[in-house]
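Novice: Dock chain B against the given chain A, drawing on the hints supplied.
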Amino acid sequence: MSTLVFVEPDDDLSLQALAFARTLGDVRAVSLDGAYAPAAWAAAIVSAAQGADTIVAAGSDRGNELLAHVAARLDKPFAANVTRIDGDVVTRIRWGGSLLEEARLHGSPRILTVAPHTHAAEAAGAPIELLVPDASDASPRVLERVEEQAGGVSLRDAKVVVSGGRGVGSAEGFAIIEELAGLLGAAVGCSRVVTSAGWRPHADQVGQTGTKISADLYVACGISGATQHIAGAKGAKKILAINSDREAPIFASADYGVIGDLHEIVPAISAELRKVRG
Amino acid sequence: MKRVPLTGGKMVLTADEQAIETRHLGFTISPHEECAVEEAVRLVEANGGETVVLTLGPAAAEEQLRDSMAIGADRAVLLKTDGVEWDAQATAGAIVDAIRAEEPFDLILFGNESADASNYQVGIRVAYALGLPVVTGLKKISLEGAQVRCECDAGGARDVYVVPMPAVLTVLEGLNLPRYPSVPGRLRAKSKPLAVSEPARPPSQLEKLRLVVPAGQGKQAEILGEGPSAAPRVVEVMQSLGVA
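Same order as they appear, the protein sequences are chains A and B.
Residues in the first sequence are numbered consecutively from 303, following my numbering.
Residues in the second sequence are numbered consecutively from 14, following my numbering.
Just so you know, the hints here were simulated from the structure itself, not pulled from any lab data.
Keep in mind the model is a prediction, meaning the values are calculated, not measured.
Backbone N, C-alpha and C define an ideal beta-carbon position, used for all residues, glycine too.
There could be a bad hint or two in this list.
[Said to hold, decoys possible] Residues from chain B shown here face chain A by an in silico Cβ test under 8 Å; the list is partial:
#	residue
1	Glu58
2	Asp100
3	Tyr133
4	Pro146
5	Gly187
6	Gly240
7	Val248
[Claimed, not checked] Result set (DSSO-like, lysine-lysine): computed pairs, CA atoms no more than 30 Å apart in a straight line:
#	chain 1	residue 1	chain 2	residue 2
8	B	Lys203	A	Lys540
9	B	Lys205	A	Lys461
10	B	Lys232	A	Lys536
11	B	Lys152	A	Lys461
Same shape as in the complex, but just chain B:
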């Protein structure tokens, strides 16, 4: 799971062009991962077991780990960085080491891609390193004994996979509707175990040089009017566009 900024209406970069300026922003769990955490908690509620939530990120990512424990995850692992972004290969490597240090898991869930870096690959790399089957982009997960049935959108249809556990699955928002943390849930989360380690960062193989805000974001809308009296002008515009 990944901590990402809530970017609002406009992207503003830091002076060194290495990151988004987040001084005035809140943070959240990247949307696909939020559904992965919810799904893990539901699977454990229905079948028993334990949910462990893991992130690689700065110390402040404890906030997102506590949020995950507030909705039902049992414990958390923070692979703490100094705040510098890790590339996908390095991230996958650190996650693999952390998973190997734990008891075996039946399911390892990821978001299909993070909201910010959107590299589309960390879950797949982890699966290869662990020698596990991987299915991506899931909108439905159901357990069938020692197997898991996976469904993903395929343009007006659903593609179905059935794979043996243990398996790596990556999910998309829409898989479920994540619950909001309750007040008692937040209180319980404060005392749940959170293990912290600080892996060393290997050199980036996809090495970020700089970020750029794309041109052309500064449109200025032509105001057609205020209130319901603008309706005739709106319909004129729709007619001129050939859609009314």
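Just chain A, with the same shape it has in the complex:
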């Protein structure tokens, strides 16, 4: 059994994919550098994979894109975001992790990406072979990388995220969310309802189609807890939900809850924080 693994340098998800691949047998780890060109990179991976019975990458944006190119090129099935494999039967995530699918992956090679954070990362140090894409390939490639201005605490990496949902009621209502976030050095987040209403920019959205957070504490204010939202919030170590509806599904995903009107509770928490800090 031999597995070809596409690895990105300094990428924890790639090291998780590598650890997953080791459980399948012999592993050959490959990487590419230079301007990212998905079709040309996929062609190089396909050439290198001759004889491999499995092709693996991380279930990252790039890993999923590259292996979809590989699968399209080979006209073989591709299973994205796999959590386990047993012969030709894979378990993969759907709905951002709210549902699992067991499926039979027909044909050879098996092409799959590894769902993020389902396997411990392998310690770095495995030899990685650098592949060279065809220089004459004219397929789309990244022409430039434009740095964006950093604005406040990044949602993805924040230690604390304070988030508001439909219950906040308006764009202006986020003033109390911002105040509490400011006191905690937290990023401000929101649910999809809020971005669809135009109260906050999409960059603030926590969810399956927004940002997946990894905070120590997530404070969800006036958020009912739809599966789409939980898919982005469940990476938080602890969740505190503030909601007037004690039956809200968010309480089945939260560690702590406060029942009541967030418009009274959130300012009271800010005031208490100021008080204990003197």
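Specialist: Positioned in the frame of chain A, the structure of chain B alone reads:
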């Protein structure tokens, strides 16, 4: 574009474990595709042309096609299934056949991945079959003559591609803020053309065996209190977690 259920707070499966129980659920356009439809309509509003919206799904997916026409798509194509899910390869194949049967398109837009199956591949497969360039995960699209400038997020930066048209592009939510259908828009949509065909489903190469609701969804929150009087207890908890 894909019709998907609005799942609410909890996943419940049908008895045969092949699908989500949707008897009590509404349906919507999968979020990334909703932005793809909006973008197509805006591009045609600004540059002229025609927007055609296409889905592969059950007869009931007419609802999402009409919604798309209500915000400005000109006509629709329904590749009707019997409700059984198609895998990504079969879906791409049917879409390729439908596109080939039409006049050439300048841009073919997809969602980056569907909300439900999340296979991350249909748009890319269609591009390969049609021999077109493909760029994925886009947050910005701008036309530059016969080319299209594409931007996607790259962790605090934007990666830029410029590709010739015709091209296949897959987009992410956040590309734009989709409009709501207006009442006159809904009325107009009722009389816009909707072509229906029933392609045959090839055998699945990624063959769904069953769906499983993951364990561990049934947490029960420790209630710290009710109303603003809970604030001191909340701050205690924050301090114990080392975040206050």
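Novice: Decide, hint by hint, whether the structure agrees.
Specialist: Against the structure, the hints:
1. Annotation: Glu58 of chain B was flagged as interfacial toward chain A, and the flag is violated, the nearest CB pair being 19 Å apart, outside 8 Å.
2. With 8 Å as the threshold, the beta carbon of Asp100 of chain B comes within range of chain A, its nearest partner Cβ sitting at about 7 Å, so the hint holds.
3. Because the smallest distance between the Cβ of Tyr133 of chain B and any Cβ of chain A comes to about 4 Å, under 8 Å, the interface hint for this residue holds.
4. Below 8 Å, beta-carbon pairs count as interface contacts, and Pro146 of chain B has one with chain A at about 5 Å; its hint therefore holds.
5. Given the 8 Å rule on beta carbons, the hint for Gly187 of chain B holds: about 3 Å separates it from the nearest Cβ of chain A.
6. Taking 8 Å as the C-beta cut-off, the interface hint given for Gly240 of chain B holds, the closest approach to chain A being about 4 Å.
7. With a least beta-carbon distance of about 5 Å to chain A, the hint placing Val248 of chain B at the interface is held under the 8 Å criterion.
8. Distance hint between Lys203 of chain B and Lys540 of chain A is unfulfilled; the C-alpha atoms sit about 48 Å from each other, more than 30 Å.
9. The straight-line distance between the Cα atoms of Lys205 of chain B and Lys461 of chain A is roughly 50 Å, outside the 30 Å bound, and the hint therefore fails.
10. At most 30 Å may separate the alpha-carbon atoms for a hinted pair to count; Lys232 of chain B and Lys536 of chain A meet this at roughly 12 Å.
11. With a C-alpha separation of about 26 Å, the suggested pair Lys152 of chain B and Lys461 of chain A falls inside the 30 Å cut-off, and the hint holds.
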